[in-house]
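Protein chains in written order, with numbering that gives the first Met the number 0: chain A, 0 to 348; chain B, 0 to 343.
Treat the hints as calculated values from the structure; they're not laboratory data.
A portion of the hints provided could be inaccurate.
Facing chain B, a subset of chain A residues (Cβ under 10 Å, in silico) [claimed, not checked]:
1) 68
2) 72
3) 248
4) 280
5) 307
Beta carbons are placed, not taken as given, at the ideal position from N, Cα and C, and that holds for glycine.
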Amino acid sequence: MSERITGQKSFLELNDLRIHFPTDDGVVKSVDGLSFRLERGKTLGIVGESGSGKSVTSLGVLGLHKGTRARISGEIWLDGEELVSATQEHVRTLRGKKMAMIFQDPLSAMHPYYTVGAQIIEAYRIHHKVGKAVARKHAIDMLGRVGIPQPERRVDSYPHEFSGGMRQRAMIAMALSCDPELLIADEPTTALDVTVQAQILDLMRDLQQEFNSALIIITHDLGVVAELADDILVMYGGKCIEYGGAEDIFERPEHPYTWGLLGSMPRLDRERTERLMPIKGTPPSLINVPDGCAFHPRCAFEGRTEGRARTRVPELLETEGGHLVRCHLTRDERRGIWENEIKPNLESA
Amino acid sequence: MSESPEPLLSVQGLEKHFPITKGLIKRQVGAVKAVDGLSFDVRKGETLGLVGESGCGKTTTGRLITRLLEPTGGKILFEDRDITHLSQGSLRPLRRDMQMIFQDPYSSLNPRHTVGAIVGAPFRIQGVKTEHGTKKAVQDILELVGLNPEHYNRYPHEFSGGQRQRIGIARTLALKPKLIIADEPVSALDVSIQAQVVNLLEDLQNELDLTYVVIAHDLSVVRHISDRVAVMYLGKIVEVADRKDLYESPMHPYTTALLSAVPVPDVKRRTERERIRLQGDVPSPINPPPACRFHTRCWKAQEICKTVEPPLAELATGHQVACHFPENAPKDAVPSDAGAPVPA
Chain A
0 MSERITGQKS
10 FLELNDLRIH
20 FPTDDGVVKS
30 VDGLSFRLER
40 GKTLGIVGES
50 GSGKSVTSLG
60 VLGLHKGTRA
70 RISGEIWLDG
80 EELVSATQEH
90 VRTLRGKKMA
100 MIFQDPLSAM
110 HPYYTVGAQI
120 IEAYRIHHKV
130 GKAVARKHAI
140 DMLGRVGIPQ
150 PERRVDSYPH
160 EFSGGMRQRA
170 MIAMALSCDP
180 ELLIADEPTT
190 ALDVTVQAQI
200 LDLMRDLQQE
210 FNSALIIITH
220 DLGVVAELAD
230 DILVMYGGKC
240 IEYGGAEDIF
250 ERPEHPYTWG
260 LLGSMPRLDR
270 ERTERLMPIK
280 GTPPSLINVP
290 DGCAFHPRCA
300 FEGRTEGRAR
310 TRVPELLETE
320 GGHLVRCHLT
330 RDERRGIWEN
340 EIKPNLESA
Chain B
0 MSESPEPLLS
10 VQGLEKHFPI
20 TKGLIKRQVG
30 AVKAVDGLSF
40 DVRKGETLGL
50 VGESGCGKTT
60 TGRLITRLLE
70 PTGGKILFED
80 RDITHLSQGS
90 LRPLRRDMQM
100 IFQDPYSSLN
110 PRHTVGAIVG
120 APFRIQGVKT
130 EHGTKKAVQD
140 ILELVGLNPE
150 HYNRYPHEFS
160 GGQRQRIGIA
170 RTLALKPKLI
180 IADEPVSALD
190 VSIQAQVVNL
200 LEDLQNELDL
210 TYVVIAHDLS
220 VVRHISDRVA
230 VMYLGKIVEV
240 ADRKDLYESP
250 MHPYTTALLS
260 AVPVPDVKRR
270 TERERIRLQG
280 DVPSPINPPP
290 ACRFHTRCWK
300 AQEICKTVEP
310 PLAELATGHQ
320 VACHFPENAP
330 KDAVPSDAGA
340 PVPA
């Protein structure tokens, strides 16, 4: 991550990405110094509450903030190319073919006046010099691949004729139609029912293996990332506050915010706890991010940092084998708190 | 929870068919059978969870119970009084006892009213006089739900989503109702805020002796909050049981499938978990499948499921299931003998 110095660039690499939006009320620092790497065939889960900057990050990678008032700095490297300084036209040629996105709400992300097939065909023909008939065959093929029954008929349907789950499948087909190497899914299943969500998660897992693409999955649902992600990045107030392998985050989390998220969730796989342990307060405004550690006003352990959390922004430091934490507590303090104060409460009946 | 056999609310064969009309004279050509024969009791002091996927009729059920919609069939008894077809006027006194919490804290609060006006409205409408005036009463309630009483004169837009939901809860509590119907009370909120509101609902229940009907699609939230749970599918209840029985030994295949579809935040077990994947989507309630409505997606379905509708039968104490081939059922309980099957 940020501590990387030399060597081969990863397939996707973000270095100190900042995306700020000037507004009348002040500058909204949606993403404030984010760095991570992702290889082909791997899945990164980005977790955070609303306003933590996770969707802004993904739009930034796709270059969709270009031509807006957003102020972007830092570097985004995709397969050896730097995208922050690239022109809008150039990034446009990459979108669809090199990288694609699955949006949360397929009904508003698709054009209501065009058939589903026409929308897939359009994207395919921009990137491939093929005739209409070939592209149409490809669209039918893609719809079949994502599990839409009778694709040769449904290719001529309009988005409103599809159910929610089918629409999300159609959007996945659209995103995958040009075989992108990077796929970003922003809350891909939030709008869906659980039985359909399970189908879509299975589908995404299978397709990723088949296409060997890099996948970023953005969600607020820890259950969804646990199903799919190899690595997990937890965001709070525009910054990464914890990063690690999926097992690090679920078995040995070290940041108080991650503990809070785990304690807030009722879980079906464990004995029912008598009481949930919510995080007090509300997420910060990104115009007035608290001084010091952005999480300190809500942190239950802020008192143990001798006031450092109120004044200094903690650095994102490695605790062990690629597991990074941004916290003023020492590693031993954090591990002690997790083992003795947090974990027993999460597991007790 | 409560051992009292007295049901506070009793619903019998409740139906709501929305007509589909066509042409100039609005000839009825069909009906959306949103709720199609529901029967259940809600006992005093308990929380009944109502779960199901979108389109299963759970929200319609909530609106029928509170009489925001007019039922097309069946009966609703509140404290042994038939309220199924009461007029608006005679319903008004009843509204003191029965209140609703809505899903979306952004659209359920009037943006042009202050918090004081919103929470004070029930007092005004019902003509309730309080000892130290409405303002004092409202401030007490605000404090009860964890809001600052000094925010009396603020407008909804000045609050975050979680705080707005608290305002909505304060409004329902204003007149100390007996029954609260909460329709997806936390689904619009962030995870950390959800937990705050769930805890608040539990505290209020203990403090004020409330009875809840919680309508939600999130099975983990429902397990956390409910004493008994009813699972709905296409306008019908397929299973009702105590929380523990339902989650530990579900009998209806649909319940089993729902439970196994919930993503679990456990990385180690993601490969070993046994999953049941339902195919396709929920069929349309305009033309529901005949007999057992779940048979089109059920992996246990046989001929009988397509021809004979399974009745909702009690197979174990307090555990009712509508299925011909229930799972986890005690051996001596044979569902087709438990009640006369209704031919489709």
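Verification of the supplied hints:
Because the closest C-beta pair between residue 68(A) and chain B is about 23 Å apart, greater than 10 Å, the hint is violated. The beta carbon of residue 72(A) comes no nearer than 28 Å to any beta carbon in chain B, farther than 10 Å, and the hint placing it at the interface is violated. A least Cβ separation of about 8 Å between residue 248(A) and chain B falls short of the 10 Å threshold, and the interface hint therefore holds. Residue-level restraint check for residue 280(A) holds (minimum Cβ-Cβ distance to chain B is 9 Å; threshold 10 Å).
Below 10 Å, beta-carbon pairs count as interface contacts, and residue 307(A) has none with chain B, the closest being about 23 Å; its hint is therefore violated.
Violated hints for the displayed structure, listed by number in ascending order: 1, 2, 5.
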